[in-house]
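J.: Those protein sequence lines, which keep their order, are chains D and A. Residue 29 in numbering that gives the first Met the number 0 sits at position 30 of the first sequence, with consecutive numbering throughout. Residue 286 in numbering that gives the first Met the number 0 sits at position 287 of the second sequence, with consecutive numbering throughout.
Read the hints as simulated data drawn from the structure, not as lab findings. Fair warning: there could be bad hints in the mix.
[Stated by the list, open to error] Capping the alpha-carbon separation at 30 angstroms, the derived lysine-lysine pairs in DSS-like fashion look like this:
1) Lys121(D) <-> Lys44(D)
2) Lys346(A) <-> Lys77(D)
3) Lys328(A) <-> Lys98(D)
4) Lys268(A) <-> Lys258(A)
5) Lys268(A) <-> Lys77(D)
6) Lys12(A) <-> Lys98(D)
[Said to hold, decoys possible] Anything over 10 angstroms on all C-beta distances counts as not near chain A; from chain D, calculated:
7) Lys3
8) Glu56
9) Ser57
10) Lys59
11) Ala61
12) Ser69
13) Ala80
14) Asp108
Given the structure is predicted, the values throughout are model-derived calculations rather than measurements. The beta carbon of each residue, even a glycine, is placed where N, CA and C say it ideally should be.
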Amino acid sequence: MSEKKFSKKHEWVSLDGDVATVGITKHATEMLGDIVFVEVPDAGKALEKEGQAAVVESTKAASDVYSPISGEITEGNKAIADDPGSVNTDPEGASWFFKLKIKDKGEYDSLMSKDEYDKFCKENPS
Amino acid sequence: MEVQKTALYNYHKNLGAKFVPFAGYEMPIQYKDGIVKEHISTRTHAGFFDVSHMGQFFLEGDETLIESLEKIIPADLNNLKINHSKYSFLLNNEGGIIDDLIITRTEKGFCIILNAACKENDIKQISQFLKKHHKHLLNNDLSLIALQGPKSVEILEKLIPGVANLKFMTGNNFEYEGENLYVTRSGYTGEDGFEISISNTKVEKLIDYLISNEVKPIGLGARDTLRLEAGLCLYGHDLNEKINPVEANLKWAIAKKRKEIGGFNGWEKIKNLLANGSEKIRVGIKPDGKVIARENTKIFSLDNDEIGYVTSGTFGPSVNAPVAMGYVKSEFSEVGTSIQLEVRGKKYGGKISELPFYKKSYVK
Numbered sequence: 000m001s002e003k004k005f006s007k008k009h010e011w012v013s014l015d016g017d018v019a020t021v022g023i024t025k026h027a028t029e030m031l032g033d034i035v036f037v038e039v040p041d042a043g044k045a046l047e048k049e050g051q052a053a054v055v056e057s058t059k060a061a062s063d064v065y066s067p068i069s070g071e072i073t074e075g076n077k078a079i080a081d082d083p084g085s086v087n088t089d090p091e092g093a094s095w096f097f098k099l100k101i102k103d104k105g106e107y108d109s110l111m112s113k114d115e116y117d118k119f120c121k122e123n124p125s
Numbered sequence: 000m001e002v003q004k005t006a007l008y009n010y011h012k013n014l015g016a017k018f019v020p021f022a023g024y025e026m027p028i029q030y031k032d033g034i035v036k037e038h039i040s041t042r043t044h045a046g047f048f049d050v051s052h053m054g055q056f057f058l059e060g061d062e063t064l065i066e067s068l069e070k071i072i073p074a075d076l077n078n079l080k081i082n083h084s085k086y087s088f089l090l091n092n093e094g095g096i097i098d099d100l101i102i103t104r105t106e107k108g109f110c111i112i113l114n115a116a117c118k119e120n121d122i123k124q125i126s127q128f129l130k131k132h133h134k135h136l137l138n139n140d141l142s143l144i145a146l147q148g149p150k151s152v153e154i155l156e157k158l159i160p161g162v163a164n165l166k167f168m169t170g171n172n173f174e175y176e177g178e179n180l181y182v183t184r185s186g187y188t189g190e191d192g193f194e195i196s197i198s199n200t201k202v203e204k205l206i207d208y209l210i211s212n213e214v215k216p217i218g219l220g221a222r223d224t225l226r227l228e229a230g231l232c233l234y235g236h237d238l239n240e241k242i243n244p245v246e247a248n249l250k251w252a253i254a255k256k257r258k259e260i261g262g263f264n265g266w267e268k269i270k271n272l273l274a275n276g277s278e279k280i281r282v283g284i285k286p287d288g289k290v291i292a293r294e295n296t297k298i299f300s301l302d303n304d305e306i307g308y309v310t311s312g313t314f315g316p317s318v319n320a321p322v323a324m325g326y327v328k329s330e331f332s333e334v335g336t337s338i339q340l341e342v343r344g345k346k347y348g349g350k351i352s353e354l355p356f357y358k359k360s361y362v363k
């Protein structure tokens, strides 16, 4: 598994061959608060980079989750749809949102590193 | 208009509050624990809420004061005993709800608790009916603290002996730190608890005491999930000037005598609605799955006819499921009726549910 890369919309991506795993960052969950609803995409769905991919709702509001990378969904994580609160406890581990088969590794390479993302969050406090 | 702050603003800040603008005030939406934990700790222990943004409106006058107030408030004020409170409304000429309120009879007159966003207009509306010799004051020198949850009584009784004897929707004067304060047994969470009217100069000391008894600060976020589980309306969402008490399923809050005799704004219309029913009515709604039907979600029948809309919707932490309230055509209002909720363009199943979603434990 490759190192995690990060988007400005607070998603993370890791890469295993040509399959990417996408989730939302710990920082994102802290901004959202208690997560109470998650909708993940079905396998087979084609996604463009920055296209709307999933939904996450906290007690406060609903937010869209975008795919930081284009490709075709191979799996949505049904476990987080059944237990939305798990996204608060392990957002960057077991509570990933979806996996997709990517077309262009260049999109992954262009995302932020962990250090760059941390800096981005500091400079753009919500 | 400049954003206003309550006397506890800095105190909230030190407690790690996240603020949002609400009804012209900077108010805490949540603290460090977050909405779900705040909600649960209110239900299992006790929480305090700074509701000082709400209007504490005092009226004094002779017997003509009741006559004046009853023109706009459909409560039976003649038969309201001193230190007893009623939930009621201000009504416009069409019977629409200008605001919902709690009115308490005091030694000299009445105290009305008004919603923050409405209070300036409310006072204008009430004033139309007042006589020159009726005195009134919106007291901004007082804070209002709600203490809610099963441990409230034990905790407050230690500090202010006697409050445990208050019954739900009654109040009294007590002494604290050499000052008079007014405590009512009431609240808006579905829990036993109190609302404490206390001077801005003493309020921090009261909160210090509550915190030392592990009472958590609770923000507007959990206040909303708590009141929605308890089936209670939020003005500006579930109620507004175009909704009347019959549609709002609040006809119980119109005094029996007033239903018969009338003499208040919009009575003709309300009398007719009481006899014949309204076209739409407020109901509880439970989505079948985990999807949250928020405000403005459209409601459809199983035949895909649009039959109503959601006015409040969230996840209920104590119910451990999404809960909502809204208005549907009356023929679809029976508990158990299957409906559809359109969320993000997709229709999800749901049912008309009993209110409250969470059972109350008031001390009667």
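J.: So, for every hint listed, does it hold in this structure?
T.: A quick look at each hint next to the structure:
1. Lys121(D) <-> Lys44(D): Measuring from Cα to Cα gives roughly 34 angstroms; hence the hint is violated.
2. Lys346(A) <-> Lys77(D): The given pair, whose Cα atoms are some 20 angstroms apart, holds under the 30 angstroms limit.
3. Lys328(A) <-> Lys98(D): Violated, at roughly 43 angstroms.
4. Lys268(A) <-> Lys258(A): holds, 11 angstroms
5. Lys268(A) <-> Lys77(D): violated, 52 angstroms
6. Lys12(A) <-> Lys98(D): Given that 30 angstroms is the threshold and the Cα spacing comes to 41 angstroms, the pair is violated.
7. Lys3: holds, 25 angstroms
8. Glu56: Per Cβ check, Glu56(D) is inside 10 angstroms of chain A; nearest 5 angstroms; violated.
9. Ser57: Its Cβ does come within 10 angstroms of chain A, the nearest being 8 angstroms, so this is violated.
10. Lys59: violated, 6 angstroms
11. Ala61: Contrary to the label, Ala61(D) does not stay out of reach of chain A, its closest Cβ about 7 angstroms off (not over 10 angstroms).
12. Ser69: Given a closest Cβ separation of 22 angstroms, the condition holds.
13. Ala80: violated, 7 angstroms
14. Asp108: holds, 32 angstroms
When the structure is compared with the earlier hints, violations turn up for hints 1, 3, 5, 6, 8, 9, 10, 11, 13 and for no others.
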